[in-house]
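This is what each chain is made of:
Protein chains: 2
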Amino acid sequence: MKLLEERIKKDGKVLPGDILKIDSFLNHQIDVELMEEIGKEFHRLFADSDPDKILTIESSGIAIASLTSKYFGYIPIVFAKKTVAANMAKDTYEAKEHSYTRNIEYTVQVAREFLHEGEKVLILDDFLANGEAMNSLIDICHQAKAQIVGCGAVVCKTYQPGEQRIRDMGYDVEVLARVKSMTDDGEIEFE
Amino acid sequence: MKLLEERIKKDGKVLPGDILKIDSFLNHQIDVELMEEIGKEFHRLFADSDPDKILTIESSGIAIASLTSKYFGYIPIVFAKKTVAANMAKDTYEAKEHSYTRNIEYTVQVAREFLHEGEKVLILDDFLANGEAMNSLIDICHQAKAQIVGCGAVVCKTYQPGEQRIRDMGYDVEVLARVKSMTDDGEIEFE
Chain L
5 MKLLEERIKK
15 DGKVLPGDIL
25 KIDSFLNHQI
35 DVELMEEIGK
45 EFHRLFADSD
55 PDKILTIESS
65 GIAIASLTSK
75 YFGYIPIVFA
85 KKTVAANMAK
95 DTYEAKEHSY
105 TRNIEYTVQV
115 AREFLHEGEK
125 VLILDDFLAN
135 GEAMNSLIDI
145 CHQAKAQIVG
155 CGAVVCKTYQ
165 PGEQRIRDMG
175 YDVEVLARVK
185 SMTDDGEIEF
195 E
Chain G
5 MKLLEERIKK
15 DGKVLPGDIL
25 KIDSFLNHQI
35 DVELMEEIGK
45 EFHRLFADSD
55 PDKILTIESS
65 GIAIASLTSK
75 YFGYIPIVFA
85 KKTVAANMAK
95 DTYEAKEHSY
105 TRNIEYTVQV
115 AREFLHEGEK
125 VLILDDFLAN
135 GEAMNSLIDI
145 CHQAKAQIVG
155 CGAVVCKTYQ
165 PGEQRIRDMG
175 YDVEVLARVK
185 SMTDDGEIEF
195 E
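First to last, the protein sequences are chains L and G.
Oh and the first sequence: position 41 is 45 in the numbering used here, straight run, nothing missing.
Oh and the second sequence: position 14 is 18 in the numbering used here, straight run, nothing missing.
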């Protein structure tokens, strides 16, 4: 997605530790007009998948999912909750997510009442790095016996294993901006 | 807002401890079409305030702010981050928020680069109970010397002090659904 790549080149910051920071328009401050374009693009890519629901994860996935829903006829979105406390609850589906950035283990939760057997689910998230977050959402869909019709991410780095890992599980993966390389002085190249 | 009140009556759950749960359409699963109507209504109520930016707080405020932005010409939104760790950082504005529901103290953070002196800020959130969350956002605006042009909440309980507390600080407060009373068997009355 050209518009997004240009925006990442313009406003993205490369931080030590191979971190791409795009919190001026996606992760902290949000450019909602850009989110509309992202929503349109996800709809174009997954138009044939006919999802009943979008599943994402707090916090950065919420705006993305919210602005994508409209293009699928205002299907509901569900955002998984992330907690460091491992409070097993009977009425939730739960999965573990290891965050490499923060070196911390999260419990990811979705209330059982909002994910049903046979429901067609489109999974969306901001970053696809090692695939940990997306994998936890896939795990939760499996528990609910929901049908995953696609997995979309706004950004990935092609030299990280996440995208291939999810594809190897047999899912249709679409990424809007594929970072091929980043240099310490802030040069970002796309595939 | 009639549509919202009807939805709360239909799908809201009253839990022990005077808790109103509306996570089937606002706090966990999100009805994006309803969010559009909420966005339109916030725009109608704050049309004259001409904000440059919407400030909200993760996670439940994000969809509300995202769907309101469009009606103000796609102004950027910024969501404050909530953490239990008190990691004072030089590049953020920070305030404390005491959550009565969870009996826990949060640190609320906004990066300095996303809130500027003189900027006209509309503060939006889901619930206005004791006013703790909104007060932390107001505090952060004060630190940034930003100009608060209005404070909006989707739901409040009129017998809790939050709404009056913010109004007493001199701010224009608008609430879309004012709960007057709730009974243990789930009856919800509006003002």
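FYI, nobody ran anything at the bench for these hints, they're computed from the structure.
Hints may be right or wrong, so weigh each one.
The list treats identical chains as one, so a pair stands whether inside a single copy or across any two.
What the hints assert, rightly or not - Computed list of lysine-lysine pairs in DSS-like fashion (alpha-carbon distance at most 25 Å, straight line):
1. Lys25 with Lys86
2. Lys74 with Lys44
3. Lys94 with Lys149
4. Lys17 with Lys85
5. Lys6 with Lys85
6. Lys94 with Lys74
7. Lys6 with Lys74
8. Lys14 with Lys74
9. Lys85 with Lys124
10. Lys100 with Lys86
11. Lys124 with Lys149
12. Lys149 with Lys44
13. Lys184 with Lys14
14. Lys100 with Lys85
15. Lys184 with Lys13
16. Lys25 with Lys85
The model shown is predicted, which means the values in this text are computed figures rather than measured ones.
We went through each hint and held it up to the structure:
1. Lys25 with Lys86: Close inside one copy (21 Å) and across copies (19 Å); limit 25 Å.
2. Lys74 with Lys44: Both. Shortest intra-copy (9 Å) and inter-copy (15 Å) distances satisfy the 25 Å Cα cut-off.
3. Lys94 with Lys149: within (17 Å within a copy, 46 Å between copies)
4. Lys17 with Lys85: Only across copies: lysine 17 and lysine 85 sit 19 Å apart there, 27 Å inside one copy, limit 25 Å.
5. Lys6 with Lys85: Neither. Shortest intra-copy (31 Å) and inter-copy (29 Å) distances fail the 25 Å Cα cut-off.
6. Lys94 with Lys74: neither (32 Å within a copy, 39 Å between copies)
7. Lys6 with Lys74: Classified as both; 22 Å inside a copy, 22 Å across copies.
8. Lys14 with Lys74: between (28 Å within a copy, 23 Å between copies)
9. Lys85 with Lys124: within (20 Å within a copy, 31 Å between copies)
10. Lys100 with Lys86: both (9 Å within a copy, 21 Å between copies)
11. Lys124 with Lys149: within (10 Å within a copy, 47 Å between copies)
12. Lys149 with Lys44: neither (28 Å within a copy, 37 Å between copies)
13. Lys184 with Lys14: within (16 Å within a copy, 50 Å between copies)
14. Lys100 with Lys85: both (11 Å within a copy, 22 Å between copies)
15. Lys184 with Lys13: within (12 Å within a copy, 51 Å between copies)
16. Lys25 with Lys85: both (22 Å within a copy, 16 Å between copies)
Violated hints, in rising order: 5, 6, 12; the structure is consistent with all others.
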